[in-house]
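Peer 1: Each residue of the sequence shown is one higher than the one before, counting from 1 in this note's numbering.
Worth flagging that the hints you see were computed from the coordinates, not collected in a lab.
Predicted model, so just to flag it, every value in this text is computed and none were measured.
Cβ coordinates follow ideal geometry from the N, Cα and C atoms, glycine included.
Any given hint could turn out to be false.
As the list claims (entries may be wrong) - EDC-like, lysine to aspartate or glutamate: derived pairs with alpha carbons at most 16 angstroms apart:
hint : residue 1 : residue 2
1    : Lys247    : Asp317
2    : Lys247    : Asp67
3    : Lys425    : Asp297
4    : Lys61     : Glu471
5    : Lys276    : Asp67
6    : Lys200    : Asp128
7    : Lys360    : Asp67
8    : Lys200    : Asp297
9    : Lys276    : Glu188
10   : Lys276    : Asp361
11   : Lys360    : Glu397
12   : Lys430    : Glu397
13   : Lys200    : Asp306
14   : Lys360    : Asp312
Said to hold, decoys possible - Simulated DEER-style distance windows between Cβ atoms:
hint : residue 1 : residue 2 : range
15   : Pro328    : Ala194    : 49 to 55 angstroms
16   : Thr391    : Thr89     : 44 to 50 angstroms
17   : Ala270    : Gln341    : 23 to 29 angstroms
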Amino acid sequence: MKPNSRFSLAALGRRPAAAWLLGLGLLLTVPACTDRFEDINTDPTKAVDVPANLLFSRALKYGTLYDNDEQLGEHLHANMWVQFFANSTAAFQTDRYESNLGWAGTFWNNFYAGYGMDLQQAIRIVQDSPEEVNKLSEARIWRVFLFQRMTDYWGDMPYSQAFKGVTEGIVRPAYDPQQAIYEDFINELKESVAAIDDTKRGNFGQADLLFGNTGSHAASTGLAAVNNRWRRFGNSLRLRVAMRMSKANPALAEQQVRDALAAGVMRNNAESAIMKNTGGSIRINQNPLAVVLNFADSRISATVVDYLTRFDDPRLDVFADPVSSSNPARVGLPNGLSATQLAQPQYNPSNFSQGGARYKDRTNDQNLLTYAEVCFLRAEAVLRGWSSEGTAQSWYETGVREAMALAGITDQAAITAYLNGPLVKFNPAKAQEQISTQKWLSLFGHNGFEAYAEYRRTGFPVLQQIPNQGETEGQVPRRMRYPSTEALQNPESYQEAIARQGPDLMTTRIWWDKQ
């Protein structure tokens, strides 16, 4: 396309792939694709045909975020807004509830013009082949995972017409209402899981960096075993999607919670969706949060430290490093400090703890959707009367135990004592707050997107008031503002979206975010 042509990046359908093939080749090795790689003409002046396996691998690995997307997309927004971390750099304003449309635009564009589009192209390649139904189903499940993260930030956005710029000539795609997007998520997940067929010839195999031979369940090499991981991931994702609608459409939410549980969700941590990282010198193989934390421009939030201290939580020493070699205390930095406040001696970053060594380790894995989260969702389902399997207390306590294991806490006696502590012991009168707060803690260091979404849905945990007003009068933002390029490149669709959803402000609530 011409450099000055006006188009929405959400419309891109297919792009020349040679520009990023070299970077893709540096991913975790995908042996099944080696011969094909050698056959590809990577003349940088020409487009090349890329096999679906490579596109899917890239969509998985980059979809779990490259360090630049991690910083601009998650860390400086969701991780700050849900008070996992606090900003210690005066020039970074998002922790003060002020927009940075450039950062938002980079994350938006890298999805639509990058890994989201790569995934869509993989879908196009396999969608007309009945024998490739497992590849198609698994790609559709991953598409829901990626799009939910995006729509939970912005609300209405290009969805049904996205990625159709080249194939159908739609260069300014319409924004779908978030309600319609969520309803389609349900259909996509139901259909995709039902279509997975163990009698078909295969799936993505070693190109599946999540559940295949190179993924988090490398021992499960059989076709049926890997397919079943995707079934349970898809059903567990439907459980997450359904619960998100609990206030916006409780009838549909209850129905889909019941259906997802009946279809079969994750039953243990071995079935969790966890992206493995090998570390090393190749950045895409490194845990992106570790790269960001090693920039040392943030500190652990005072909110997290306060909860862990009051709860007498054994994860305190895991989540936070000592202040220094001479000061073993764990001290959190308040969120939302102004540039003037950050320049004051008492707020010098050296007085506060960085994120724990576990989260600064570039080989640390990324928890995308775990059995611990499923347990907390099931606890809430029982609490709401949407499930009769088990009790809210039993699922809550199992969720805490599984979350502790994810953080490396294995002393069962200490965990039992924690569960019997006065502020953690299950209390029916405070059950929703307890479930949501423990889910929030379980997501620390791995999934700020989900923690931020769940805070908006439930109102828990109780976050600390920041000392500045920002763009929200000091209230936690309800959404991210659209990139400024959207008003220029896709003005009609953009205007229709804000007329329907509300002003393009951080205070506007998205569809499922009901008071």
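Peer 1: Hint by hint, note whether the structure agrees.
Peer 2: Right, here's what the structure says about each hint:
1. Lys247 x Asp317: 36 angstroms, violated
2. Lys247 x Asp67: Violated, at roughly 34 angstroms.
3. Lys425 x Asp297: 36 angstroms, violated
4. Lys61 x Glu471: Not satisfied, since the Cα-Cα distance of roughly 34 angstroms exceeds 16 angstroms.
5. Lys276 x Asp67: Holds, at roughly 15 angstroms.
6. Lys200 x Asp128: Satisfied, since the Cα-Cα distance of roughly 14 angstroms is no more than 16 angstroms.
7. Lys360 x Asp67: 12 angstroms, holds
8. Lys200 x Asp297: Not satisfied, since the Cα-Cα distance of roughly 50 angstroms exceeds 16 angstroms.
9. Lys276 x Glu188: 26 angstroms, violated
10. Lys276 x Asp361: Distance ~12 angstroms between Lys276 and Asp361 Cα, so the pair holds.
11. Lys360 x Glu397: 28 angstroms, violated
12. Lys430 x Glu397: Given pair Lys430, Glu397 holds - Cα atoms ~14 angstroms apart, limit 16 angstroms.
13. Lys200 x Asp306: Since the Cα atoms of Lys200 and Asp306 sit roughly 52 angstroms apart, the hinted pair is violated (cutoff 16 angstroms).
14. Lys360 x Asp312: Roughly 23 angstroms separates the two Cα atoms, so the pair is violated.
15. Pro328 x Ala194: 49 to 55 angstroms: 54 angstroms, holds
16. Thr391 x Thr89: 44 to 50 angstroms: With a Cβ separation near 46 angstroms, Thr391 and Thr89 satisfy 44 to 50 angstroms, so the hint holds.
17. Ala270 x Gln341: 23 to 29 angstroms: Given about 46 angstroms between the Cβ atoms, the range is violated.
Hint compliance for this structure: hints 1, 2, 3, 4, 8, 9, 11, 13, 14, 17 are broken, all remaining hints hold.
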